[in-house]
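Visitor: Each chain, written out:
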Amino acid sequence: MIIAEWKPIPELVRKLSGHRRILLAGCACCVAECAAGGEREVETLAPLLRLALSVEGHPLEIVTRTVERQCEWEFVEELAEIIPKVEAVLSLACGIGVQAVAERFPEITVFPGVNTTSLALREEPGLWTARCQACGDCVLGETFGLCPVARCAKSLQNGPCGGTRKNGKCELDENVDCVWNLIVERAAKRGQLESLLRIREPKNWSNSFHGGPQRMLREDLRP
Amino acid sequence: MKLRAGSRLERVLAAGHFAVTVEVGPPQGPDAEVIRRKAELLRGLADAYNVTDNQTAVVRMSSIAGARLLLEAGLEPVMQMTCRDRNRIALQSDLLGASALGIKNCLCLSGDHQKASASGKLKGHPGAKNVYDVDSIQLLAILKGLRDQAVQSSGDPIEQPSPFFIGAAWTPLATPEAFRTLRLAKKIEAGADFIQTQAVFDVPRFAAAVAKARAMGLCDRVAILAGIIVPRSARMLRYLNERVPGVEVPEDLIRRMEAAPQPATEGKRIAKETIKAVRVIPGIRGVHLQAIENEAVLPEIIHSADLLPRPEVKM
Amino acid sequence: MAPRTETAGEKTAETFKPEIVVLYCQHCVVQDADLTIAMKATSRFRAKLVMMPCTGKIEPSHLLKILAHGADGIQVLGCPYQQCHRLDGNLRAEKRIEYTRQLLHQIRMGPERLGMERGLDFSGLQLMLLAERRADAVKPLGPNPMKGERE
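Top to bottom, those sequences are chains A, B and C. The opening position of the first sequence corresponds to residue 1 in this note's numbering, with each subsequent residue numbered one higher. The opening position of the second sequence corresponds to residue 1 in this note's numbering, with each subsequent residue numbered one higher. The opening position of the third sequence corresponds to residue 1 in this note's numbering, with each subsequent residue numbered one higher.
Extracted from the complex, chain A is given alone in its bound form (with noise of 0.2 Å):
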């Protein structure tokens, strides 16, 4: 799941305070799931953000609308009819669906209200850990299912460095697993430390965003 979480509040409340009338829109996917922009996390921004506009003396209207997914060109479109009714559209989409709404409707001024941050897996409810980093070359196949990727600080490919700490966790952050330490774990259960013992080669990171901004073509599905 992509997650998301909210701007800080002073700082929408500085994006907004030249504005008199805005639409806070929602996604029902991932930043629903993450709580931050789902049709729950909408009621409550509207209500806050007008508090605190009015607090700071610059009273403000919202419409709130949810649509299913902002990356969605057909759900996109639902907000046509009040675009032309607001001044600007506060997005708590990530950043592909705050996207898509400022290129369908680039005449107003289309601002993101949350953060995105990662990949993540909820792990339970209230914790999501990330899980992957789009880096284009899985190895999940040889790290026992463990991304060091995305869950070491290092991205280590032949890891466990000097940091772990003693408990198991990363000396960067102690409620963080070291994924090193995990995957020696794993593979001595299954009895395959060994294989642990091949060096992996430098990764190339050129399928994902460091050869360049992505771009997937599929001959087979075109129109």
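Rather than coming from a laboratory, the hints here were simulated on the basis of the structure. Treat the hints with caution; some may be incorrect.
Think about it this way: if two alpha-carbon atoms lie no more than 30 Å apart in a straight line, the pair counts; the simulated DSBU-like pairs of lysine-lysine are [said to hold, decoys possible]:
(1) A:Lys169 with B:Lys115
(2) A:Lys85 with C:Lys95
(3) A:Lys166 with B:Lys123
(4) A:Lys189 with B:Lys212
(5) C:Lys17 with C:Lys65
(6) B:Lys121 with A:Lys166
(7) C:Lys65 with A:Lys85
(8) A:Lys166 with B:Lys129
(9) C:Lys147 with C:Lys40
(10) B:Lys186 with A:Lys166
(11) A:Lys166 with B:Lys212
(12) A:Lys169 with B:Lys123
(13) C:Lys17 with A:Lys15
(14) B:Lys268 with A:Lys166
(15) A:Lys85 with A:Lys15
(16) A:Lys169 with B:Lys276
(17) B:Lys121 with A:Lys169
(18) A:Lys7 with B:Lys272
(19) B:Lys123 with A:Lys15
(20) A:Lys169 with B:Lys129
(21) C:Lys65 with A:Lys7
(22) C:Lys147 with A:Lys7
(23) A:Lys169 with C:Lys95
(24) B:Lys129 with A:Lys15
(25) A:Lys15 with C:Lys147
(26) A:Lys7 with C:Lys95
(27) B:Lys115 with A:Lys7
(28) A:Lys7 with B:Lys129
(29) A:Lys166 with B:Lys272
(30) A:Lys7 with B:Lys121
(31) A:Lys7 with C:Lys57
(32) B:Lys115 with A:Lys166
(33) B:Lys186 with A:Lys169
(34) B:Lys276 with B:Lys186
(35) B:Lys276 with A:Lys166
(36) A:Lys189 with B:Lys186
Just some of the chain A residues that point at chain B, by a computed CB distance under 8 Å [stated by the list, open to error]:
(37) Lys166
(38) Asn181
(39) Glu201
(40) Met216
Values in this document were obtained by computation on a predicted structure and should not be read as measured data. Note that beta-carbon positions come from the ideal geometry of N, C-alpha and C, so glycine has one too.
Given the coordinates of chain A, assemble chains B and C onto it according to the supplied hints.
Guide: Then chains B and C, alone, in the frame of chain A:
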């Protein structure tokens, strides 16, 4: 045995002497005199001098510049190189440059994450983008390729081989302990010629780890130098024990420092005892002393630990 | 319009009669509680009593909308720990209320405008006393700036 780079450190080890290396921290500024002054202080005390590479991700004069300045002062440097700030292109470029400048020893590390730079009074650069294009083991292999096959990581050739005496770090007591010796084997396979370990305080546990390495035949393939940190206080020992992964300080050592009327003196005593103790561990071929902004104590320690004079070797 | 501070307002401290909304769990009041008591005039505050099936039903959006409608404060009353009829509704309420208080703090509205108490067998009068305590906490903050913009 054919020498790989012919550095002084390599020759000392090849001749069977117990080697001494010492860490030199570059300044947080552009003043070459700082390095020169440290060189004067430490001249003759070690076989080679490590220059750190933005340790703890704090900006300091570069290790390649520090290494060159040491060379010019007549000391042999060990250039430390981390993977945090430079990709494989920059790393290889700096390695070629290092060779051109006469630097022959290189210690390959993954490097502290930039989060570590914001600590104490320092704001650091925790918001910087890191690189970690390759890791320390891949870097070892890169150096080996440049040296033995005159080839880059890509497979493209370089015009002449770039000779290095290749070093790596070892933290034998960090979790998962059982894997640490296997990872040492990996580092040797990748290209490590010498090892500098994390600081030793618990000698028996360290000796047990070295014994495992010996049993795997690793001590014949690589020269292990035991890391020594000179403690200054019980608080420092406690900090090292609790906050630095892989540093294990026995409780009675901490109590000994607490009871000492002069902790600084006691710390020097502890360092000397540790040097003496690791010297007799089979497989340990030297010591690597880290003074952590306290290089002034090193002359006394090295002298009273019976490590002087440093051997004469033909260069 | 000039920004309002939290203590200034069009009404002076004496004339400001805070409007408090009391969200109470149905299980917290006695069966024959006199809930019409809220209709009777009080000189120092006004209260609106709203019965909830469980405080676990309360969401931050509800609380913020109540404030956006001009209420000066909200008092939540839930069952004591481990006595929720729906297992942990009162615990969820506590978390959401704490979350909302933090949001109110971030926007400089004053977290004191919102609070949660726990108890059983409340009479109508006791509900009003709760409301009065919340009103007292809210008084120094002044009236809700949204009052002028209430839809």
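Visitor: Within 30 Å, alpha carbon to alpha carbon, are A:Lys169 and B:Lys123?
Guide: 24 Å, holds
Visitor: Within a Cα-Cα threshold of 30 Å, do B:Lys121 and A:Lys169 meet the stated pairing?
Guide: Since the Cα atoms of B:Lys121 and A:Lys169 sit roughly 26 Å apart, the hinted pair holds (cutoff 30 Å).
Visitor: Would you mind confirming whether the straight-line C-alpha gap from A:Lys85 to C:Lys95 stays at or under 30 Å?
Guide: Violated - the C-alpha atoms of C:Lys95 and A:Lys85 are around 37 Å apart, more than 30 Å.
Visitor: Does C:Lys95 sit within 30 Å of A:Lys7, going by the straight-line distance between their CA atoms?
Guide: 21 Å, holds
Visitor: Are A:Glu201 and chain B close enough, Cβ to Cβ, to be under 8 Å, as the hint says?
Guide: 7 Å, holds
Visitor: Taking only the CA atoms, is the gap from A:Lys166 to B:Lys123 under or equal to 30 Å?
Guide: Answer holds: A:Lys166 to B:Lys123 is near 28 Å, not above 30 Å.
Visitor: Please work out if B:Lys121 and A:Lys166 have their alpha carbons no farther apart than 30 Å.
Guide: Holds, at about 27 Å.
Visitor: Take a quick look at whether A:Lys169 and B:Lys276 sit within 30 Å of each other, Cα to Cα.
Guide: The hint is violated at about 33 Å.
Visitor: Regarding the pair A:Lys7 and B:Lys121, is the alpha-carbon distance no greater than 30 Å?
Guide: 28 Å, holds
Visitor: Do the alpha carbons of C:Lys65 and A:Lys85 lie within 30 Å of each other, as the hint requires?
Guide: 23 Å, holds
Visitor: Check the hint pairing B:Lys186 with A:Lys169 against an upper bound of 30 Å on the C-alpha distance.
Guide: 23 Å, holds
Visitor: Next pair to validate is A:Lys189 with B:Lys186; report whether the Cα-Cα distance is within 30 Å.
Guide: Holds. A:Lys189 to B:Lys186 sits at ~20 Å (cutoff 30 Å).
Hints 2, 13, 16, 18, 40 from the earlier list are contradicted by this structure; the remaining hints agree with it.
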